[in-house]
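So the chains spell out like this:
2 protein chains.
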Amino acid sequence: MKISIIGVGLIGGSIALKLKQKNTADFIYGIDSNIDNLADALQLNIINEKADFKTGIESADLIIIAVPVDSAVKILPQVLDLISDHQTVMDVGSTKSGIVKSVENHPKRSRFVAFHPMWGTENHGPKSAVAASFSGKAGVICDREKSAKDALELVESVVLDLDMHIIHMSAEDHDIHTAYISHISHITSYALANTVLEKEKEEETIFQLASSGFSSTVRLAKSHPEMWLPIFKQNKENVLDALNEHISQLRKFKSALEKDNFEFLEELITNANKIRGILDK
Amino acid sequence: MKISIIGVGLIGGSIALKLKQKNTADFIYGIDSNIDNLADALQLNIINEKADFKTGIESADLIIIAVPVDSAVKILPQVLDLISDHQTVMDVGSTKSGIVKSVENHPKRSRFVAFHPMWGTENHGPKSAVAASFSGKAGVICDREKSAKDALELVESVVLDLDMHIIHMSAEDHDIHTAYISHISHITSYALANTVLEKEKEEETIFQLASSGFSSTVRLAKSHPEMWLPIFKQNKENVLDALNEHISQLRKFKSALEKDNFEFLEELITNANKIRGILDK
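So the sequences go chain by chain: B and Y.
Counting from 1, position 50 in the first sequence corresponds to residue 50 in full-length UniProt numbering; the numbering is continuous, with no gaps.
Counting from 1, position 153 in the second sequence corresponds to residue 153 in full-length UniProt numbering; the numbering is continuous, with no gaps.
By construction, these hints were calculated from the structure, which means they are not laboratory data.
There's no promise every hint is true.
Pairs involving identical chains hold if they fit within one copy or between any two copies, as the list cannot separate such chains.
Here are the simulated BS3-like pairs of lysine-lysine, each with C-alpha atoms no more than 25 angstroms apart in a straight line [unchecked claim]: (1) Lys-74 <-> Lys-201; (2) Lys-252 <-> Lys-201; (3) Lys-22 <-> Lys-236; (4) Lys-274 <-> Lys-201; (5) Lys-254 <-> Lys-199; (6) Lys-137 <-> Lys-201; (7) Lys-127 <-> Lys-274; (8) Lys-127 <-> Lys-199; (9) Lys-252 <-> Lys-199; (10) Lys-254 <-> Lys-201; (11) Lys-101 <-> Lys-2; (12) Lys-199 <-> Lys-233; (13) Lys-236 <-> Lys-259; (14) Lys-274 <-> Lys-233; (15) Lys-127 <-> Lys-259; (16) Lys-259 <-> Lys-74; (17) Lys-20 <-> Lys-54; (18) Lys-20 <-> Lys-2; (19) Lys-127 <-> Lys-50; (20) Lys-233 <-> Lys-254; (21) Lys-101 <-> Lys-259; (22) Lys-108 <-> Lys-201; (23) Lys-108 <-> Lys-54; (24) Lys-137 <-> Lys-149; (25) Lys-252 <-> Lys-50; (26) Lys-236 <-> Lys-201.
Computed from a predicted structure; not experimentally measured.
Just need the whole structure built from these sequences, with the hints factored in.
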């Protein structure tokens with residue numbers, strides 16, 4: 001199968017590496033407005049050839065859109081305009097309501113399958129791409145009833161080739177869930193980084209004491225705005241819900257401390273400890 | 001040198017393993033009110049022998065107190081009561097003002113060196129102990145002017161044997177710094193866990209989507225209240241300062257989102273990204 005990947009960054013690059021390894025892809029075209037990324041992807045054998053937008057799309061059986069979600073909603077209709085009924089299009093965006101809405105009335109809507117692999121890192125670009133990235137992780141397919149049977153089957157086989165397990169849900173549910181399980185984690189990390197950076201202006205030695213605990217909690221704060229600003233923008237209402245809940249949870253800790261209510265503080269900690277049983281099972 | 005370790009858990013156990021490996025310790029006594037931990041520590045060759053409080057303390061050149069900080073402030077004066085001027089005592093607690101205050105007028109104060117290794121995990125108990133835990137991390141020694149020269153030199157040589165680099169500061173400064181670089185990370189993680197656990201009551205599938213990003217940010221939420229409740233209690237004022245700053249940083253994200261002020265949101269993210277340069281250098 002010939003595959004075109006629009007956006008040969010961390011996610012697009014990792015998918016390309018894995019699908020080559022699995023022989024799912026015989027040939028991969030790379031389409032990217034960032035010529036450095038294209039050059040890196042070629043050099044790293046992530047793609048076989050770079051292509052312009054039109055040629056790349058017309059030459060592929062499967063087109064994978066792996067650009068930030070604000071670009072994805074603009075690019076998807078243009079891709080559908082160019083394809084035939086024998087071609088399939090999938091995306092990998094972290095928000096799903098916006099992208100399915102961008103093509104809801106498009107005559108080729110059924111050739112598109114909305115997908116989100118639950119994997120990412122704070123890094124970006126093809127140099128960070130790793131073939132094994134997705135193994136064992138969840139691959140979410142949204143609004144499957146809007147996709148043609150053969151398109152859905154093709155994308156599902158690709159997701160299984162990425163060694164992911166498939167979860168189906170509506171785009172709307174996806175965006176609620178990811179606000180809580182992914183988007184809010186990023187805001188928490190960004191805000192924690194800013195908290196400590198603000199304090200560091202007075203206390204210069206603060207980062208000498210950073211241990212692995214701090215590094216772990218703040219890791220996502222390294223994530224780039226090019227990817228995350230459009231996600232927060234598109235999923236604004238759900239992210240605000242999660243953020244309000246998170247601030248109200250933090251206020252419980254504040255209130256318990258202020259009132260020397262250490263029984264309540266212990267209760268809050270013990271409740272949070274339940275995450276161990278859930279994440280480790 | 002003979003060493004007694006009071007509290008053969010994650011930290012006490014890891015120190016014991018490392019100091020045996022380095023031949024700093026010829027013989028290690030373990031003192032612990034938890035008999036399971038003592039049995040595990042014996043079986044894992046973390047300690048040579050278990051001892052009762054009095055015998056353990058009188059038999060050792062160096063006594064290391066590695067219990068939660070609420071117990072440490074009670075135990076330290078009792079230990080100093082029992083020792084001679086040829087013995088040295090150190091602790092490993094995550095708060096330092098309380099412990100130095102607990103012995104400020106003790107006649108044996110100068111035999112005590114206040115220490116905090118900047119390492120820990122969300123796990124506990126001797127089974128989680130690892131000899132290499134401390135390598136490359138910061139070891140903070142507080143209020144060194146209050147310790148006798150020979151006691152300080154002994155503890156510094158032990159810290160170097162743990163492969164740590166030594167940082168000196170006052171107990172007061174230590175508690176301000178760790179509130180920001182360590183204690184607040186734990187509250188953030190606990191509150192994030194509670195945020196998602198609260199939402200899960202409505203949305204059962206939410207944890208199926210958990211990726212490594214969420215796991216990383218929420219990892220510290222697995223940490224036990226036995227250790228952390230006393231830390232928050234002892235460092236209440238500094239933790240509240242950090243928590244207030246953190247909530248105010250989160251409110252900036254909330255306000256930017258609510259007002260569709262994406263320029264400000266981008267600024268907040270870009271500022272947080274600076275953490276990459278600081279942590280990776």
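Status of the hints after comparison with the structure:
For the homomeric pair Lys-74 and Lys-201, neither the shortest alpha-carbon distance inside one copy (41 angstroms) nor that between copies (36 angstroms) is at most 25 angstroms. Taking the closest pair of Cα atoms, Lys-252 and Lys-201 come within 25 angstroms of each other only across two copies (19 angstroms); inside a single copy the shortest separation is 28 angstroms, beyond that limit. For the identical chains of this complex, Lys-22 and Lys-236 are neighbours neither inside a copy (37 angstroms) nor across copies (55 angstroms), given an alpha-carbon limit of 25 angstroms. Taking identical chains as interchangeable, the C-alpha atoms of Lys-274 and Lys-201 lie at most 25 angstroms apart only when they sit on different chains, with a minimum of 13 angstroms there against 36 angstroms within one chain.
In this assembly of identical chains, Lys-254 and Lys-199 lie within 25 angstroms of each other by CA distance both inside one copy and across copies; the values are 19 angstroms within and 21 angstroms between. Proximity of Lys-137 and Lys-201 under a CA criterion of 25 angstroms is satisfied inter-copy only: 23 angstroms between copies versus 40 angstroms inside one chain copy. For the homomeric pair Lys-127 and Lys-274, the shortest alpha-carbon distance between copies (21 angstroms) is at most 25 angstroms, but the shortest distance inside one copy (37 angstroms) is not. Taking the closest pair of Cα atoms, Lys-127 and Lys-199 never come within 25 angstroms of each other, the shortest separation being 34 angstroms inside a single copy and 36 angstroms across copies.
In this assembly of identical chains, Lys-252 and Lys-199 lie within 25 angstroms of each other by CA distance both inside one copy and across copies; the values are 23 angstroms within and 16 angstroms between. Taking identical chains as interchangeable, the C-alpha atoms of Lys-254 and Lys-201 lie at most 25 angstroms apart whether they share a chain (24 angstroms) or sit on different chains (24 angstroms). Within a single copy, Lys-101 and Lys-2 get their C-alpha atoms no closer than 27 angstroms, and across copies no closer than 71 angstroms, so neither meets the 25 angstroms cut-off. In this assembly of identical chains, the alpha carbons of Lys-199 and Lys-233 lie at most 25 angstroms apart only when taken from different copies (21 angstroms versus 28 angstroms within one copy).
Only between protomers do Lys-236 and Lys-259 lie at most 25 angstroms apart by alpha-carbon distance; the minimum there is 11 angstroms, versus 34 angstroms within a single protomer. Only between protomers do Lys-274 and Lys-233 lie at most 25 angstroms apart by alpha-carbon distance; the minimum there is 22 angstroms, versus 31 angstroms within a single protomer. Neither within a single protomer nor between protomers do Lys-127 and Lys-259 lie at most 25 angstroms apart by alpha-carbon distance, with minima of 50 angstroms and 36 angstroms respectively. Taking the shortest Cα distances, Lys-259 and Lys-74 sit within 25 angstroms of each other only across copies (24 angstroms), while inside one copy they are farther apart (52 angstroms).
For the identical chains of this complex, Lys-20 and Lys-54 are intra-copy neighbours only, at 23 angstroms inside a copy versus 67 angstroms across copies, given an alpha-carbon limit of 25 angstroms. In this assembly of identical chains, Lys-20 and Lys-2 lie within 25 angstroms of each other by CA distance solely inside one copy; the values are 11 angstroms within and 59 angstroms between copies. Only within a single protomer do Lys-127 and Lys-50 lie at most 25 angstroms apart by alpha-carbon distance; the minimum there is 16 angstroms, versus 53 angstroms between protomers. Taking the shortest alpha-carbon separations for Lys-233 and Lys-254, only the inter-copy value of 12 angstroms comes in at or below 25 angstroms, while the best intra-copy value is 29 angstroms.
In this assembly of identical chains, the alpha carbons of Lys-101 and Lys-259 lie at most 25 angstroms apart only when taken from different copies (23 angstroms versus 48 angstroms within one copy). For the identical chains of this complex, Lys-108 and Lys-201 are neighbours neither inside a copy (55 angstroms) nor across copies (38 angstroms), given an alpha-carbon limit of 25 angstroms. In this homomeric assembly, Lys-108 and Lys-54 come within 25 angstroms of each other (Cα to Cα) only inside a single copy, at 17 angstroms, whereas the closest approach across copies is 81 angstroms. Only within a single protomer do Lys-137 and Lys-149 lie at most 25 angstroms apart by alpha-carbon distance; the minimum there is 24 angstroms, versus 55 angstroms between protomers.
Taking identical chains as interchangeable, the C-alpha atoms of Lys-252 and Lys-50 are never at most 25 angstroms apart, the minima being 53 angstroms within one chain and 42 angstroms between chains. When the C-alpha separation of Lys-236 and Lys-201 is checked against a cutoff of 25 angstroms, the pair qualifies only between copies, where the shortest distance is 22 angstroms, while the shortest distance within a copy is 31 angstroms.
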